[in-house]
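Protein chains in written order, with our numbering: chain A, 1 to 283; chain B, 1001 to 1269.
Bear in mind the hints are in silico, worked out from the structure with no lab data behind them.
Errors might be hidden in some of the hints.
With a straight-line cut-off of 30 angstroms between C-alpha atoms, the simulated DSS-like cross-links for lysine-lysine are [claimed, not checked]: (1) B/LYS1136 with A/LYS59; (2) A/LYS187 with B/LYS1138; (3) A/LYS224 with A/LYS213; (4) B/LYS1152 with A/LYS155; (5) B/LYS1191 with B/LYS1152; (6) B/LYS1212 with A/LYS266; (7) B/LYS1106 with A/LYS187; (8) B/LYS1105 with A/LYS161; (9) B/LYS1215 with A/LYS155; (10) A/LYS187 with B/LYS1175; (11) A/LYS224 with B/LYS1237; (12) A/LYS59 with A/LYS224; (13) B/LYS1175 with B/LYS1237; (14) A/LYS155 with B/LYS1106; (15) B/LYS1212 with A/LYS213; (16) A/LYS148 with B/LYS1105; (17) B/LYS1124 with A/LYS130; (18) B/LYS1191 with A/LYS266; (19) B/LYS1212 with A/LYS155; (20) A/LYS269 with A/LYS77; (21) A/LYS224 with A/LYS77; (22) B/LYS1215 with B/LYS1138; (23) B/LYS1191 with B/LYS1181; (24) A/LYS130 with B/LYS1181; (25) B/LYS1092 with B/LYS1212; (26) A/LYS269 with A/LYS59.
What the simulated footprint calls covered on chain A by chain B, stretch by stretch (three residues with Cβ under 8 angstroms from a Cβ of chain B suffice, anywhere in the stretch; the number is not a length) [stated by the list, open to error]: (27) 85 to 92; (28) 98 to 110; (29) 153 to 166.
Just so you know, even glycine gets a beta-carbon here, dropped at the ideal spot from N, CA and C.
The lines below spell out each chain.
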Amino acid sequence: MKFIGLIFAFLMLCSFNLIAQYSENYVSVSSETIDNEIYSVIEMTRKDERVKVKYFADKDLAGRSVYQRYLTWSKNKSIIASCSGTYYGMDNKPVGICIDEGQTVNKAEAAMDALVLVYRTGGIVVTDLKEGNLTVQNGAENLSLNLKNPVDRTKFFLWSKENYATVFQTHLLYYKNKLRVGANGDKELRERRFLAVARDDENKIRYYLINLKGNNTLYNATVKVEGHLKNYTDNIIYIINLDTGAQDYFEVREAQGQVMSEPGFKGNKPLNVSKNLLVFYFE
Amino acid sequence: MSKSVGFFSRPFTPFVLGLLCMGFLSLAFLVWTLNVTPDDYFSDVNDPNTAITCKVNYASVTSDDLENGLWMKKVITTSNNCAVFLTEIQIKELSNALVNNFPDKKDFIQLGLITLLTEQTLQKVKGNLEVYNPDKIKGILDWLSTLNVAAKLDPDNEIIYLSVTDYWFNTLSGKLTEYQKINPDIRYYFKFRYLVQHCNQALYFVNVEETKYEKVKKNLLANHWVHLVQASWSDAKAWQKGVFLLVFLFTMFTYLFTIISFVNKTTLK
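Model the full assembly from the supplied sequences, consistent with the hints where possible.
What follows is the structure in structure tokens.
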């Protein structure tokens, strides 16, 4: 009887391992080495809205760090990938406009064009601050805002508070078929990580999380990644930059939930170093 | 013959050398710290005298003016060198008077007043903000704190106060970021730190950039040894880690060799 019990327990353990964290119909992970550089791509479709995004911008009101918040939140979640989000400054505060679930973290606008809105529904939207045509849903109606206008800025902060919005700012590298970073940009050579969003043939949104393992300037990396993404899509909407500096955290999971150990799928810093976190998960 | 084990005898030689090295390093570090500390580090912030207020005139404002935008020269007709920052009392007075005169144009009035107190006022004081002038910035911050209070006391005009405060804090935090990029030394000035703190408290964080040396210095002073070791190790390249390991092993070997030879000699005696 004990023997049968043991076999049953062993089979249960095996079956738990076999339960997929996410469906490979929605997420595909690939890695390719081109000219001694590893291009790692996580492709996720928003079809059926099962792939979702969550952003942890800062400590919460109770003073729990992003690391602690993530550990608590992720307990019952099927994580696809997680990585550090935007840059942070000397005060350990994010650079640029930043709001965490309606809680304002930083109102000072930085010289970066991408304003990223992460909705509670798991969607992510990027707007070009230079264009000044941010549209947000305010109840039944749409609110069109130009954040260069003082009144609209105030309305935006009030809206984000009422709607528990999560917002952060980062560099817009590619937008509307145009490169937005110049060759005279950040000259530092380092590993680069981007988030690209595109539309597929069915007009559905697709997210691409791309990690470029070689040492590149921001411009070179953008050009390479834009070219590489042509293998996946012809309809890139935008590419934004993700921090690989002081908080170079990056982790990708296989469909079964195991953390991938290949060099192209991990960052150089541990999770507890991350001051903010962009998480892709499956529901 | 007994051999004395003095402080400068062989087993302690590496220890003494280490202490001397640490001493020299600390001295160099101290000299560097003193050099980067500017003279006015401990100076105080002077309160600027911006008490001369402008006379506000709303009698000449027409309905067309409101629709085309409220212009400063229409409202502030005096040509004296008065402070262009209207007080919260003047703003309230102006807003109420215009709303009484044009009750159906409240939105235009609010928009006009916000433009007047933000973009038009900035044009007037632009020259003062071209170069780092802490006293001028302090003056604007003082003005903003009065508007912040007014937002709570005058709910009818709350949007005006909030928008104006937001605009100026955003502009000033951006300016402070620019100033320290042009002249990194100002980051150590007391007045600069005071202004940065003021903006940070209002949640407009000034992006003060920190060099690698400053980061190390900050962590040393704060005794964040674990973080320092972790950060250095993860930042180090493979060859740097290799060199460190070689030096570490060499040091350990030297210690071991010294101790073994000392023990052998003592045992023989």
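Here is what the structure says about each hint:
At roughly 34 angstroms between alpha-carbon atoms, B/LYS1136 and A/LYS59 are farther apart than 30 angstroms, so this suggested pair is violated. Proposed proximity of A/LYS187 and B/LYS1138 is contradicted: the alpha carbons are some 36 angstroms apart, above 30 angstroms. With a CA separation close to 12 angstroms, the supplied pair A/LYS224 and A/LYS213 stays within the 30 angstroms bound. With a CA separation close to 17 angstroms, the supplied pair B/LYS1152 and A/LYS155 stays within the 30 angstroms bound.
A hinted pair counts as satisfied when its Cα atoms are at most 30 angstroms apart, and B/LYS1191 with B/LYS1152 qualifies at roughly 29 angstroms. Between B/LYS1212 and A/LYS266, the direct Cα distance comes to roughly 24 angstroms. Compliance with the 30 angstroms bound is thereby established for this hinted pair. As the CA atoms of B/LYS1106 and A/LYS187 are separated by approximately 50 angstroms, the hinted pair breaks the 30 angstroms bound. Distance check on the hinted pair: B/LYS1105 and A/LYS161 sit about 28 angstroms apart at the alpha-carbon level, within 30 angstroms; holds.
Of the supplied pair hints, the one linking B/LYS1215 and A/LYS155 is violated, its CA atoms being roughly 38 angstroms apart against a limit of 30 angstroms. Proximity of A/LYS187 to B/LYS1175 is assessed by CA-CA distance (about 24 angstroms); at most 30 angstroms being required, the pair is judged to hold. With a C-alpha separation of about 24 angstroms, the suggested pair A/LYS224 and B/LYS1237 falls inside the 30 angstroms cut-off, and the hint holds. At roughly 35 angstroms between alpha-carbon atoms, A/LYS59 and A/LYS224 are farther apart than 30 angstroms, so this suggested pair is violated.
Proposed proximity of B/LYS1175 and B/LYS1237 is contradicted: the alpha carbons are some 36 angstroms apart, above 30 angstroms. Annotation: proposed proximity of A/LYS155 to B/LYS1106 holds, straight-line Cα distance about 17 angstroms (limit 30 angstroms). About 23 angstroms separates the Cα atoms of B/LYS1212 and A/LYS213, which keeps this hinted pair within 30 angstroms; it holds. For the hint pairing A/LYS148 with B/LYS1105, the CA-to-CA distance comes to about 23 angstroms; that is within 30 angstroms, so the pair holds.
With a C-alpha separation of about 25 angstroms, the suggested pairing of B/LYS1124 with A/LYS130 holds against the 30 angstroms cut-off. The straight-line distance between the Cα atoms of B/LYS1191 and A/LYS266 is roughly 43 angstroms, outside the 30 angstroms bound, and the hint therefore fails. For the hint linking B/LYS1212 to A/LYS155, the alpha-carbon distance of about 39 angstroms lies beyond 30 angstroms, and the restraint is violated. A C-alpha spacing of about 22 angstroms is found between A/LYS269 and A/LYS77, which places the hinted pair at or below 30 angstroms, so the restraint holds.
Proposed proximity of A/LYS224 and A/LYS77 is contradicted: the alpha carbons are some 33 angstroms apart, above 30 angstroms. For the given pair, B/LYS1215 sits about 28 angstroms from B/LYS1138 by alpha-carbon distance, which is consistent with the 30 angstroms threshold. At roughly 16 angstroms between alpha-carbon atoms, B/LYS1191 and B/LYS1181 fall within 30 angstroms of each other, so this suggested pair holds. The hinted pair formed by A/LYS130 and B/LYS1181 meets the criterion: a straight-line CA distance of about 23 angstroms does not exceed 30 angstroms.
For a cut-off of 30 angstroms, the pair hint linking B/LYS1092 to B/LYS1212 is broken: about 49 angstroms separates their Cα positions. A distance of roughly 19 angstroms separates the Cα atoms of A/LYS269 and A/LYS59; the hinted pair therefore holds under the 30 angstroms criterion. Coverage of a stretch by a chain is defined here by at least three residues with a beta carbon nearer than 8 angstroms to that chain's beta carbons; for the region 85 to 92 of chain A and chain B the count is 3, and the condition holds. With a cut-off of 8 angstroms between beta carbons, the region 98 to 110 of chain A has 7 residues touching chain B; three or more are needed, and the interface restraint holds.
A stretch counts as covered by a chain when three or more of its residues have a beta carbon under 8 angstroms from one of that chain; for the region 153 to 166 of chain A and chain B the count is 3, and the coverage holds.
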